[in-house]
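Trainee: If you want the building blocks of each chain, they are given just below.
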Amino acid sequence: MASISLNEKIPNNVDLAGDRKLQRALEEWQPNFIDWWMEMGPEGFQQDQIFLRTAVSVEEGGWAHFDYVKMPDYRWGIFLTPNARARTIGFGDQIGTPVWEQVPGDLRKDLRRIIVTQGDTEPASVEQQRLLGKCAPSLYDLRNLFQVNVEEGRHLWAMVYLLHSYFGRDGREEAEEMLVRRSGHRDSPRILETFNKPIDDWLAFFCFTMFTDRDGKYQLAALAESGFDPLARTTQFMLTEEAHHLFVGETGVGRVVERTVELMKAAPSGDVKAVGGIPLDIIQKYLNEWYSSSLDLFGGEDSSNAAIYFATGLKGRYKESSSSKITDHVALEGCYTLQIPNGDGGFTNQEIPLRRAMNLVLRDSYVDDCYRALERWNGVLEKAGLSQRLYLPSDRFNRRMGSCANLPIAPDGAMMRPEAYAGRIASWLPTPDDLAYVRSCMVSVTEPGKFAGWIAPPRKGIDGKPIDFQYVQFH
Amino acid sequence: MADITDSIPIPASFETHPDRYVHLRIEVAGAVATIRLDVKEDHGLRPGYALKLNSYDLGVDIELADAVQRLRFEHPEVGCVVITSATDGVFCAGANIFMLGSSSHAFKVNFCKYTNETRFSIEDATANSGQIYLAALNGVASGGGYELPLACQEIYLIDDKRSAVALPEVPYLGVLPGTGGITRVTDKRRIRRDRSDVFLTLAEGIKGKRAVEWGLVDGVFPTSRFHAGVADRAATLAAGGHPERNGVTLGPLTVEASRDRLHYPYVDVTFDHAARVATLTVTVPDDAADVPADPSTLGDRFFPLACFRQFEDALLRLRFHFPEIGLVMVETRGNKTAAEAIDGLLATRQDHWFVRETTHFIKRTLKRYDVTSKSFFAVVRPESCFVGTFAELLLGADRGYMQDVAGASVTLTAMNDGFYPMNNGLTRTASRFLSDEEHARTIAATRAPFEPAQAADAGLVTFAFDELDWDDELRLAIEERSSLSPDALSGMEHNVRAAGPETMESKVFGRLSAWQNWIFQRPNAVGARGALTLYGQPLQPQFDYRRC
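Read top to bottom, the protein sequences are chains A and B. All the letters of the first sequence, read from the start, carry residue numbers 1004 to 1478 under the numbering used here. All the letters of the second sequence, read from the start, carry residue numbers 1030 to 1577 under the numbering used here.
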């Protein structure tokens, strides 16, 4: 692609027109991205007109330009939040010194690893969700799915921009690799395990956007504090888009709960399945599954990498620079008390230096956020006068990372005997039958304003449009 | 321990001249030269120790290195060099222990490295210049005082019932001999391992007939016949010397030295102290190859000799004066045609002693480059002159970065194919391509310039980056390197550079960089009750007896 048309195709505020290095890198990468999108992007909808939001500039409102577009023609752009003033590093050992406009050579590997790990999740989620469009419960939801997909695509672009601009040849190779790995592929899987399991029903999609994308939000927020200014400004801009994905997840789960409550009240026998709904206990199992696997994404509770990232100014805490609650930005003093299994069926307290607990500090902010959403869903149950409540399992339950990894621990956090645990697990995590049932509910609804029977309509439409708007125009 | 040596540049210079020698006397009588150790106790390089019993510090060794070098260039007619002491009864007590005890670790290591290089230069003169070294031990030769004779081809000991040869480092000091003593006992003099074991733990050493019987010396003479016996043997070894060779004068170097720059006519070093990076640039002038039929008439103005004398001085100053500089970017500039021409002359005029001497000197200086504990990144640009002899600077660097643009090239000449062996005995190309001898031979035989892509494919450079990537990649490489542990890098680089077969030389430097460094740092040597710390004091050392 000639550089002129490249610049037209790619909305940006990074002076792509004047950056030969970036042009050259993108000239090679962009066609491969489109090939990847056609192969691994949403299957069966590439020729349809979707009512999508596109970021065309960083001006007020420019990041949310709505119009019909065919997904392969989507204008994936490159945007950094404009820097208002000269920033200084806000935490760690180099606090107060000017932020870096270039990658410091000694931090190159760490930064590359952070960016590649983050970037890899973006195409991974598109791959995981590529078949979901075929059983969307409404045009509204179908459009939201594609919005999430194209923006995950743009987030890949954002990370690739950093790799291309700041990491030389290694960066270009890493960017290429992002298009080579495949979610769930045996030989060339995505980096993080959570991103290798397929998402083939919409409740899983909502849980993914609720819990897993929310991890992404906190990772991006921590990187938005980074001393590497281009990374900080890129991730800040990504966060504005990410908010919509979380909205899709939180309201999606909420709408399923709402519909289930309606059906429960309408069917006093309590057999929601009989009327095509998703029973509360299955919803609870999904929450257990997705919440616990998303906690794993924060990494080990006691982490020397986390300490290094904080010390070197690469990755801060949530709202490190804006929260009045955080006053000590050096964090060399203070401890974090962990509860770790004592091998005797119980747990003991262990103090670790605060810097080594930074994964956990970030996770705590995330957990608070998840509980806020949980309260909303339970509000629906309460308002309906039902006594049942949903819960979030203990952070020790069903873990594959950290001190509680692979231990027989119940959702309430109690250590169990392995046999007892094995006997109960089917009541806590989705069984093959549960998954098959949810899948059986997934039917495609394409009439504007209509919704599948297992989910309630949203409160309002997108961009001020009515709920029965033609969000997708099939070709 | 106060780090005296890191704050003051010691020594101020690595140059000296027989007219200014403090500790040595050098006499040339026909085909035989004599170097007499006459170390002045109160003329150490810095205060705080007395150079008793002909013990030496770096100042003494600089004179010794100078003497060996000047005998080769200024007195090439000499066929045998006798090293002896000006004081009967005392040959040499080795490196001064109080000097070592009050030096920083870095200084000790660099001191040992330098003294080793001096001893290898003695062996190189014996092997390649027809100047055979003979040690005439007219008194006790202990520690470094015996390691110096070990570097000579023959050793004669006075049989006065008192004088012995000894390596008492283990029993006295809790360290190891630092200038190749053990390696030369086992590998050069090939002394049986159990006898070596006994000798190395015997503080008072071995004298007389047993020293001969064990092979520690080549002969003994009673006091009455010592001087005559040595003189006879020296005359025999000299075999009339080399009267056809006319020496040249090695004049003083021209150097402007400051904290921020070392500037010589052909070598320039600039420093970025904040980044701990230096840039060393060697320039080949247009007239480098304007050489008369007898190159020796140019004397020290002969370009390759002049250039590498400057390069050597710069390396030594980098080691001793700039310990905080961790990375040296190695650049070349100048006339590629002239560089090829000068190599043509070096390769075809090996029949001339002066050309040979110059070649061997370049070889030794490149070996100094190999064992200098700094990271070296060579940088190849269109304006560079990595041709032949100067391509050794690229081949000897830890990495080579090449600009992938027209005009940048690397050219090998006959000089890269055997004239400059590393201390493993191999050329830098053979050593570089250990896995593929065929490839090494093909590359070494290629005379056409290697363009960037070819140079990268051939493995002559590590990376070739085009202009869009160049600045970033170079900057990142520099910053990344500078952030790593200097100790780990010194060890890693030495391991990587010393790939391939072992020689006595590679063993000495390898062991120096590993075992010796380690033992020198252990509390059993330098702790409060360590043997080196307490040497000469009333307290006895206390060891932590757990073996590592």
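These are computed hints drawn from the structure, not numbers from a lab. Careful: at least some of the hints might be erroneous.
What the hints assert, rightly or not - Some chain B residues flagged as far from chain A (calculated, every beta-carbon gap over 12 Å):
{"#": "1", "residue": "R1288"}
{"#": "2", "residue": "A1322"}
{"#": "3", "residue": "S1402"}
{"#": "4", "residue": "F1492"}
{"#": "5", "residue": "S1511"}
{"#": "6", "residue": "S1512"}
{"#": "7", "residue": "Q1571"}
Said to hold, decoys possible - To give a feel for the contact side, a few chain A residues facing chain B, derived at Cβ under 10 Å:
{"#": "8", "residue": "D1070"}
{"#": "9", "residue": "V1102"}
{"#": "10", "residue": "V1106"}
{"#": "11", "residue": "D1109"}
{"#": "12", "residue": "R1111"}
{"#": "13", "residue": "K1112"}
{"#": "14", "residue": "G1171"}
{"#": "15", "residue": "R1175"}
{"#": "16", "residue": "A1269"}
{"#": "17", "residue": "P1271"}
{"#": "18", "residue": "S1272"}
{"#": "19", "residue": "C1338"}
{"#": "20", "residue": "T1351"}
Beta carbons: idealized from backbone N, C-alpha and C, even for Gly.
Trainee: Indicate, hint by hint, whether the structure satisfies it.
Mentor: Status of the hints after comparison with the structure:
No beta-carbon of chain A is positioned within 12 Å of the beta-carbon of B/R1288; the least distance is around 24 Å. Every Cβ of chain A is farther than 12 Å from the Cβ of B/A1322; the closest lies at roughly 51 Å, confirming the non-interface assignment. The non-interface label for B/S1402 is consistent with chain A: the shortest C-beta to C-beta separation is roughly 20 Å, beyond 12 Å. With a minimum CB-CB distance of about 8 Å to chain A, B/F1492 fails to clear the 12 Å threshold, and the non-interface call is violated.
Against chain A, the non-interface label of B/S1511 is violated: not every CB pair exceeds 12 Å, the least being about 7 Å. With 12 Å as the threshold on Cβ separation, the claim that B/S1512 sits away from chain A is violated: the shortest Cβ distance comes to roughly 3 Å. B/Q1571, annotated as away from the interface, keeps every beta carbon of chain A farther than 12 Å; the closest lies near 36 Å. Interface hint at A/D1070: violated, since its Cβ lies 35 Å from the closest Cβ of chain B, which is beyond the 10 Å cut-off.
Taking 10 Å as the C-beta contact cut-off toward chain B, the hint placing A/V1102 at the interface is violated, the least distance being around 16 Å. Hint status for A/V1106 relative to chain B: holds, with the closest Cβ pair at about 7 Å, below 10 Å. With 10 Å as the threshold, the beta carbon of A/D1109 comes within range of chain B, its nearest partner Cβ sitting at about 3 Å, so the hint holds. Annotation: A/R1111 was flagged as interfacial toward chain B, and the flag holds, the nearest CB pair being 5 Å apart, inside 10 Å.
Because the smallest distance between the Cβ of A/K1112 and any Cβ of chain B comes to about 8 Å, under 10 Å, the interface hint for this residue holds. Checking A/G1171 against chain B: minimum C-beta separation of about 5 Å stays under 10 Å; hint holds. Taking 10 Å as the C-beta contact cut-off toward chain B, the hint placing A/R1175 at the interface holds, the least distance being around 9 Å. Interface hint status for A/A1269: violated, as the beta-carbon distance to the closest one in chain B is roughly 64 Å, over 10 Å.
For A/P1271, the suggested interface contact is broken, since its CB lies about 69 Å from the closest CB of chain B, more than 10 Å. Hint status for A/S1272 relative to chain B: violated, with the closest Cβ pair at about 68 Å, above 10 Å. The closest approach between the C-beta of A/C1338 and any C-beta of chain B is roughly 28 Å, which is over the 10 Å cut-off, so the hint fails. Because the smallest distance between the Cβ of A/T1351 and any Cβ of chain B comes to about 34 Å, over 10 Å, the interface hint for this residue is violated.
The structure does not agree with the numbered hints 4, 5, 6, 8, 9, 16, 17, 18, 19 and 20 stated previously, though it agrees with the rest.
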